[in-house]
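Once you've looked at the hints, dock chain B against the given chain A.
Residue-level listing of the chains:
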Amino acid sequence: MNAQNNSSQAHIRPTTSKITFKNRWDHFLARWAFNRMGHRVEPGLYSLGHPAADSHVFVSGNYTLSFDALRANLTRLDCYILVLNTKGINVWCAAGGGHFSTDELVNRIETTHLPEVVKRHVLILPQLSASGVAAHDVKKQTGFRVEYGPVRAKDLPEYLKARKATKEMRTVSFALYDRLILTGVEIAHAVIPLVVLGVIMFFISGLLAAAATVAAIFAGVVLFPLLLPWLPTPNFSTKGFLLGGIVVLPFVLLRCLGAADAEFWWRAGSILAYLLVFPSMTAFIALNFTGSTTFTSRSGVKSEIFTYFPVMAWMFCSGIVITIALALARFFIDS
Amino acid sequence: MMRNVYDFNTLQYDSQLCSGCRMCTIVCPHQVFEQNGKIAELIHPKDCMECGACQLNCPTDAITVDSGVGCAKAMMIAAVKGKKEPTCGCARP
Numbered sequence: 000m001n002a003q004n005n006s007s008q009a010h011i012r013p014t015t016s017k018i019t020f021k022n023r024w025d026h027f028l029a030r031w032a033f034n035r036m037g038h039r040v041e042p043g044l045y046s047l048g049h050p051a052a053d054s055h056v057f058v059s060g061n062y063t064l065s066f067d068a069l070r071a072n073l074t075r076l077d078c079y080i081l082v083l084n085t086k087g088i089n090v091w092c093a094a095g096g097g098h099f100s101t102d103e104l105v106n107r108i109e110t111t112h113l114p115e116v117v118k119r120h121v122l123i124l125p126q127l128s129a130s131g132v133a134a135h136d137v138k139k140q141t142g143f144r145v146e147y148g149p150v151r152a153k154d155l156p157e158y159l160k161a162r163k164a165t166k167e168m169r170t171v172s173f174a175l176y177d178r179l180i181l182t183g184v185e186i187a188h189a190v191i192p193l194v195v196l197g198v199i200m201f202f203i204s205g206l207l208a209a210a211a212t213v214a215a216i217f218a219g220v221v222l223f224p225l226l227l228p229w230l231p232t233p234n235f236s237t238k239g240f241l242l243g244g245i246v247v248l249p250f251v252l253l254r255c256l257g258a259a260d261a262e263f264w265w266r267a268g269s270i271l272a273y274l275l276v277f278p279s280m281t282a283f284i285a286l287n288f289t290g291s292t293t294f295t296s297r298s299g300v301k302s303e304i305f306t307y308f309p310v311m312a313w314m315f316c317s318g319i320v321i322t323i324a325l326a327l328a329r330f331f332i333d334s
Numbered sequence: 000m001m002r003n004v005y006d007f008n009t010l011q012y013d014s015q016l017c018s019g020c021r022m023c024t025i026v027c028p029h030q031v032f033e034q035n036g037k038i039a040e041l042i043h044p045k046d047c048m049e050c051g052a053c054q055l056n057c058p059t060d061a062i063t064v065d066s067g068v069g070c071a072k073a074m075m076i077a078a079v080k081g082k083k084e085p086t087c088g089c090a091r092p
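These protein sequence lines map, in sequence, to chains A and B.
Residue numbering for the first sequence follows numbering that gives the first Met the number 0, starting at 0 and increasing by one per position.
Residue numbering for the second sequence follows numbering that gives the first Met the number 0, starting at 0 and increasing by one per position.
Extracted from the complex, chain A is given alone in its bound form:
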């Protein structure tokens, strides 16, 4: 391979821009959080097509979804791809978490003998890696000039024509499809809490409460991401309370209808318990969704936790206490 002739020391792995069925299966599993941290490619230098000493060098993380998104958009191009060790984490999160970093890039340039492989010392990095990489420090330490490409790999062919990104290419989006594709991981992470809470609610209140638990959690993990831009309150917690409140209403109604001959205090208590327990479940999941979005700030999320987490905890706990009290009262009155 001619790439390897450039340097006797450089170890360059060949790759292609073709996404195979095996790759797609791997992406599917990653989207459903199966073996979440195990979707990795070997860090190092890769050649795509037949690159020469003046070919482009693109940089990516070693998460298969990141690496595959990059190479799939580099069709009919001869280039190098430098894969950093980001511990199987995507570019943006790895940059935020310190894995896609100046140090890792500098180190990877050295260990792959990149300066001996390419003549033009320019690297094209994904824009979102900028929260982990200081371009001027990379220049200082290695002589390589860092150029930030577009946010999304799909814009690379357009970007490469003029080496310029439009405003749209430089802006993160969070469209319906982006939110939909995240729900797989959200669902997978919700399975265990759902089963545990469902069983608990079944034993302290019955089948209807267990069904309401499923509905409240489903609202949090699926409906909330999809409806996010249309829920009219300003922050995640209140959006969650609102959505959870709407979703629990049919169950409140069923609870009242199912106990039409029960005492007033019992019905009122049941309604109160439902309105306390289930919206707080949805709101808690909604608050946790902040990390999956593309626009929440750390100081904002922190203040939201301090303001609304205590409200959620009090609502949930007092709702559970009322539910247990009602069940005990029923038990003693009936027996």
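Relax, there's no trap hidden among the hints.
Within a straight-line C-alpha distance of at most 25 Å, the following computed SDA-like cross-link-like pairs (lysine to any residue) qualify:
id, chain 1, residue 1, chain 2, residue 2
1, B, LYS72, A, PHE33
2, A, LYS166, B, PRO44
3, A, LYS163, B, ILE38
4, B, LYS37, A, ARG144
5, A, LYS163, B, CYS20
6, B, LYS72, A, TRP31
7, A, LYS138, A, ASN106
8, A, LYS118, A, LEU159
9, A, LYS301, A, GLY290
10, B, LYS80, A, MET36
11, A, LYS86, A, HIS26
12, B, LYS80, A, CYS316
13, B, LYS72, A, ALA214
In silico contact screen, one side only, chain B against chain A (beta carbon under 7 Å); selected entries:
id, residue
14, MET1
15, ARG2
16, THR9
17, ILE25
18, VAL26
19, GLN30
20, CYS50
21, GLY51
22, ALA52
23, ASN56
24, PRO58
25, GLY67
26, CYS70
27, ALA71
28, LYS72
What the hints contain is simulated information worked out from the structure, not anything from laboratory work.
Cβ coordinates follow ideal geometry from the N, Cα and C atoms, glycine included.
Leaving out everything else, chain B in the frame of chain A:
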């Protein structure tokens, strides 16, 4: 277009220190900065999500921001485990 929903953030920019390299206008994923003549201008400060890319890539330290991940899950896990700084990678490490 979905933007930061909170009223405040920790982004601070001193235009006196700007060298006009345009890096902040390139790296910001929410178009918070715009080049205005020789220097960068802070045009949408409220949209800042505190990712820290501008601060890290500003060669003259004209920008400061208390950056970090805006993730409630990471913060709560860090609080429970007694760790100081929450990071990404919320699944099993």
